[in-house]
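Colleague: Starting from the given sequences, assemble the full structure and let the hints guide the process.
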Amino acid sequence: MSTKSKSSSSSKQKHRSSSDGKEKKSKKKEKKRVRTPSPEPEPENVYDDDFEDYDDDFEDDDEDVPSATAPKIEEKENAGDARKITNEKDEESIMLKRLSERQMTTNAIEPIRRQSTTTIVAPNMSLIDNKPIVLYNEEERKTAEQKANERMQKLRGLISIEISKSVVFTDMSSNIFEPFQALPSNLSHDFSQTGIDSKSEEAQTEKADSECRGTQFPHIESEMDNAKLPRESTAEDRARFKKFFFAATQVIREILASEEINNEEEEIDEKSTNQFSRGFNSFQLGAVAQRSKATCIEKGESDSVLIAFEIFESPAQDLMNKSLIVEYYVHKKKPPKRLFVVESIVVQMHLSIKGSTLYVCLKDGTLCAFDLSLSDSAFDDFLPWVDSESDIALRRPAFDSSFLATTISDASPLVGLNVSSTLSGEEIATIDASGTISYWLATRISKNELNIQLTAVIRPHPSLKRHSTTSAVTCFTTIHRPMRFFIGTDTGVLYSMQRSDTSQQMPKIYKTERDKYGEISAITSSRHDNSVILVGFSSGAIAIYRTNKTSPIAYLPKTQESTRVTHLQWSCSNSSAFYSTHTGHTVIYWDLSYGTSPRSIDKLDKKTTILSVTSWDNEHTKGVKGIAYMALALENGTGEVHILETPSRKGNDSLISILNKL
Numbered sequence: 001m002s003t004k005s006k007s008s009s010s011s012k013q014k015h016r017s018s019s020d021g022k023e024k025k026s027k028k029k030e031k032k033r034v035r036t037p038s039p040e041p042e043p044e045n046v047y048d049d050d051f052e053d054y055d056d057d058f059e060d061d062d063e064d065v066p067s068a069t070a071p072k073i074e075e076k077e078n079a080g081d082a083r084k085i086t087n088e089k090d091e092e093s094i095m096l097k098r099l100s101e102r103q104m105t106t107n108a109i110e111p112i113r114r115q116s117t118t119t120i121v122a123p124n125m126s127l128i129d130n131k132p133i134v135l136y137n138e139e140e141r142k143t144a145e146q147k148a149n150e151r152m153q154k155l156r157g158l159i160s161i162e163i164s165k166s167v168v169f170t171d172m173s174s175n176i177f178e179p180f181q182a183l184p185s186n187l188s189h190d191f192s193q194t195g196i197d198s199k200s201e202e203a204q205t206e207k208a209d210s211e212c213r214g215t216q217f218p219h220i221e222s223e224m225d226n227a228k229l230p231r232e233s234t235a236e237d238r239a240r241f242k243k244f245f246f247a248a249t250q251v252i253r254e255i256l257a258s259e260e261i262n263n264e265e266e267e268i269d270e271k272s273t274n275q276f277s278r279g280f281n282s283f284q285l286g287a288v289a290q291r292s293k294a295t296c297i298e299k300g301e302s303d304s305v306l307i308a309f310e311i312f313e314s315p316a317q318d319l320m321n322k323s324l325i326v327e328y329y330v331h332k333k334k335p336p337k338r339l340f341v342v343e344s345i346v347v348q349m350h351l352s353i354k355g356s357t358l359y360v361c362l363k364d365g366t367l368c369a370f371d372l373s374l375s376d377s378a379f380d381d382f383l384p385w386v387d388s389e390s391d392i393a394l395r396r397p398a399f400d401s402s403f404l405a406t407t408i409s410d411a412s413p414l415v416g417l418n419v420s421s422t423l424s425g426e427e428i429a430t431i432d433a434s435g436t437i438s439y440w441l442a443t444r445i446s447k448n449e450l451n452i453q454l455t456a457v458i459r460p461h462p463s464l465k466r467h468s469t470t471s472a473v474t475c476f477t478t479i480h481r482p483m484r485f486f487i488g489t490d491t492g493v494l495y496s497m498q499r500s501d502t503s504q505q506m507p508k509i510y511k512t513e514r515d516k517y518g519e520i521s522a523i524t525s526s527r528h529d530n531s532v533i534l535v536g537f538s539s540g541a542i543a544i545y546r547t548n549k550t551s552p553i554a555y556l557p558k559t560q561e562s563t564r565v566t567h568l569q570w571s572c573s574n575s576s577a578f579y580s581t582h583t584g585h586t587v588i589y590w591d592l593s594y595g596t597s598p599r600s601i602d603k604l605d606k607k608t609t610i611l612s613v614t615s616w617d618n619e620h621t622k623g624v625k626g627i628a629y630m631a632l633a634l635e636n637g638t639g640e641v642h643i644l645e646t647p648s649r650k651g652n653d654s655l656i657s658i659l660n661k662l
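Residue numbers for the sequence shown follow UniProt numbering, beginning at 1 and rising by one.
For the record, the hints were derived by calculation from the structure and aren't laboratory data.
Ideal Cβ positions, reconstructed from N, Cα and C, are used throughout, including at glycine.
Please note that a few of the clues may not be correct.
What the hints assert, rightly or not - Under the rule of at most 25 Å between Cα atoms (straight-line distance), these lysine-lysine pairs were calculated in the DSS-like manner:
| # | residue 1 | residue 2 |
| --- | --- | --- |
| 1 | 337 | 511 |
| 2 | 354 | 293 |
| 3 | 508 | 293 |
| 4 | 508 | 549 |
| 5 | 271 | 603 |
| 6 | 508 | 465 |
| 7 | 332 | 293 |
| 8 | 271 | 322 |
| 9 | 354 | 271 |
| 10 | 293 | 558 |
| 11 | 271 | 299 |
| 12 | 337 | 354 |
| 13 | 334 | 271 |
| 14 | 549 | 516 |
| 15 | 332 | 271 |
| 16 | 511 | 661 |
| 17 | 337 | 299 |
| 18 | 337 | 322 |
| 19 | 293 | 333 |
| 20 | 603 | 558 |
| 21 | 607 | 322 |
To be verified - Simulated restraints on C-beta separations:
| # | residue 1 | residue 2 | range |
| --- | --- | --- | --- |
| 22 | 454 | 651 | 42 to 52 Å |
| 23 | 388 | 422 | 35 to 45 Å |
| 24 | 606 | 387 | 28 to 38 Å |
Modeller: Right under this line is the structure:
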C-alpha cells in the first residue's frame, strides 16, 4: 500500500507541474464549485482494490472516449489521495465526486490522446515460416506464396492409395449408382478425405454403434478452384462410375474364367494333336464289356456326361445285346455316378429342363423315361465297378412306350426328340423315320411318381408323296417361339411343320438342289440366332438357310476332304463359327466372318468312326473367353470329351450382318 501511494503522489506532482499555470487560474472557481471531499479513515489490514465503480458505464457522455491508459493513471492518483486523507469525512455524493474527477483529468488526457492518433496494426504472420509477411514488398509476397504452394504439393505427394480387398457380388436389386435419398434413423454415414478406410458401425440407440467411413483420393482441395466450393457429383459422374464398375466386373470375371480354364486344363488326362482341341478325357467300360460301341453321347448334370454303349460281349449275361448308359464325371476320376440299362440301341437322349428325368429314344421306336429322383435303394439289380467301394444300381425305365409302338408309328426307328416346358409340365416331341411326330406330356403326380401320356400324333402330309414315294427321315431340328420342326429326308427334301399344324395342312417346302448335292444327312439351328439353320448333304456340301426364305443364302464349297456330312455343331463362343464332321473321320472348323473357306481341318484315326457329337459351354465361364466342350462317341467303344480351342474372331458383326455379306 505504501509503494502505491508514493508512486501515485510522484506522478501527481509531475502532472501538476506541467499544468501549473492553468490550475492557478481556475483554482478559485473550482473551490467555489467543488467542495473538497473528506474521506473516511481507512481501516487497517482490510483489502482495498484499485478499481472504480462501474456506474459511469451507464452515463450519457458526448465527449470523446479517452485512451485505455488514462483511466488507469487517474485511478492510481485518486487511490493515492484517498490513502493520504484519513480523517476527513466524505460529504459529497459519488456523482459529484466523479464529475470533479472527470473535469480534472480532461486536460491531462488530451495531450496523450493527440499523440496516439495513428492506428497501429499488428503485422500479418505467415503460418508456414512463422515470420511476418511484408505486404508492401510484392516480390517477397510472391516468394512466400510460392514456398507455400511447394510445401502443399509435397504434402499432397505423401498421400497414397491404400490397397483393400472387396467382395464382388452380382445382386443388382438396388441402384447403387444414385446418391442416398434417405437413410434409416439408426444408421449414420461419415465420409472423410483420409484416414481409416473401412469402419462399419450401426447405431441402435443414442450411442453410436456403427459408423461407415470412406476415403477419397486425391484430396478434395484438388477440386477447389479459386476458393470455390467443391464440385458436386452429377449424372455424368455417376454414368462414368457405372461404366467403370461394369468394366472392372468384366475384367474380374475374365480373370476368374482364366483361372477356371487353367484348373480344368490341369485335369485333362490326354493332350490332343488336333487343332480344334486343347486336350481331352476318354471314357470306357473297362472290365464290364470286352466289346462294345458308343452310339450316343449327351451332356449330363453339372460336371457329368452321359454315354450310351451297345454291348456285344460282357461277363454280365444280363447286359448282352443291350445298351448301358453310363453317367461319368468329366474331370473327377471317380466311379460312374449312375447306370441305366435299356433293351435296344440308343439313338438320342435328353435331360429334362429341371434335370429330374432322362428321356431316351431307341432304334426300335420306343421312348423311355428314367426318374432321377429315385434313390438306388428303389432298384433290385446292381453292377460291380472297378475302383468302386460298393456296387452301383442298374436303373430301369420308369416309363416305356413299347406297348404303343404299333399304334403310333408301326415300330419305325426314332430319329430324335425335343423337350420343351409348358404350364402343365414338360412336352416331349419325337419323330420317327416315317415322318410321324408324336407329342407326349410328362407330369408328376407326386415327388417320386412320374406320369407320361400321349397327347397328339401327326403323320406326314400326303403332298410329300409327290416329291418322293419312298422317303425316310434322316435328321431333324427344332426352333422355338414359335416351335417349328425342320425335317430332312434321304431324297433331299427339306420341309418344316409348326406345332399347331395338323395332317390336313401342307408343310412348307424349301428348295434344295438334291440332284446336285444328294440327300440331307445333317441339320441344326443356330444357338445364337434360331432363324438361321445349317443343312449338310451327302455330297459334302453345306447350305445356309433363313427360316423365312425357302431358298438358301449361300452354299459352302466342297473341299478335297469334304465327304458325307454326318454332324453339324455351332460354336458356343463364336456366333459365326461352327464344326462339321464328315464320314466320321474329319472335323472341319468354319468361321463365316472370314469367308466361306474352312479355318482348320483335322483328320482323326481311320480305325475309329464318330457316331455321335454334342457340344456345350461351361455354366460358370460363359462368354467369348469361356470354356467350351465337344463330346464324341466313337465306334471303338470310347467316349471323348474335348476342351475346344477359341480361335480369334474377325470383327464383332452379328450373324445376320455377316450372312448378308456372303
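Colleague: With reference to the structure, classify each hint as holding or not holding.
Modeller: Hint check results:
1. For the proposed pair residue 337 and residue 511, the alpha carbon gap of about 46 Å is over 25 Å, so the pair is violated.
2. Straight-line distance between C-alpha atoms of residue 354 and residue 293 comes to about 30 Å, which puts the hinted pair past the 25 Å bound.
3. Restraint check for residue 508 and residue 293: the C-alpha separation of about 38 Å exceeds 25 Å, so the hint is violated.
4. Restraint check for residue 508 and residue 549: satisfied, since their Cα atoms lie roughly 10 Å apart, inside the 25 Å limit.
5. Distance check on the hinted pair: residue 271 and residue 603 sit about 16 Å apart at the alpha-carbon level, within 25 Å; holds.
6. For the proposed pair residue 508 and residue 465, the alpha carbon gap of about 14 Å is at most 25 Å, so the pair holds.
7. Restraint check for residue 332 and residue 293: the C-alpha separation of about 23 Å stays at or below 25 Å, so the hint holds.
8. As the CA atoms of residue 271 and residue 322 are separated by approximately 33 Å, the hinted pair breaks the 25 Å bound.
9. For a cut-off of 25 Å, the pair hint linking residue 354 to residue 271 is broken: about 34 Å separates their Cα positions.
10. For the hint pairing residue 293 with residue 558, the CA-to-CA distance comes to about 30 Å; that exceeds 25 Å, so the pair is violated.
11. Annotation: proposed proximity of residue 271 to residue 299 holds, straight-line Cα distance about 21 Å (limit 25 Å).
12. For a cut-off of 25 Å, the pair hint linking residue 337 to residue 354 stands: about 18 Å separates their Cα positions.
13. At most 25 Å may separate the alpha-carbon atoms for a hinted pair to count; residue 334 and residue 271 meet this at roughly 20 Å.
14. With a CA separation close to 20 Å, the supplied pair residue 549 and residue 516 stays within the 25 Å bound.
15. For the suggested pair residue 332 and residue 271, the alpha carbons sit about 17 Å apart, so the restraint of at most 25 Å is met.
16. A distance of roughly 21 Å separates the Cα atoms of residue 511 and residue 661; the hinted pair therefore holds under the 25 Å criterion.
17. About 13 Å separates the Cα atoms of residue 337 and residue 299, which keeps this hinted pair within 25 Å; it holds.
18. With a C-alpha separation of about 20 Å, the suggested pairing of residue 337 with residue 322 holds against the 25 Å cut-off.
19. Simply put, residue 293 and residue 333 have alpha-carbon atoms about 22 Å apart, close enough for the 25 Å limit, and the pair holds.
20. Under the criterion of a C-alpha separation no larger than 25 Å, the hint pairing residue 603 with residue 558 is consistent with the structure, at around 16 Å.
21. Between residue 607 and residue 322 the alpha-carbon distance is near 24 Å, which keeps this suggested pair within the 25 Å criterion.
22. Between residue 454 and residue 651 the beta carbons are some 49 Å apart, a value that agrees with the proposed interval 42 to 52 Å.
23. The hinted range of 35 to 45 Å is satisfied by residue 388 and residue 422, whose Cβ atoms lie roughly 39 Å apart.
24. For residue 606 paired with residue 387, a C-beta distance near 32 Å keeps the hint of 28 to 38 Å intact.
Of the hints listed earlier, those the structure fails to meet are numbers 1, 2, 3, 8, 9, 10, in rising order.
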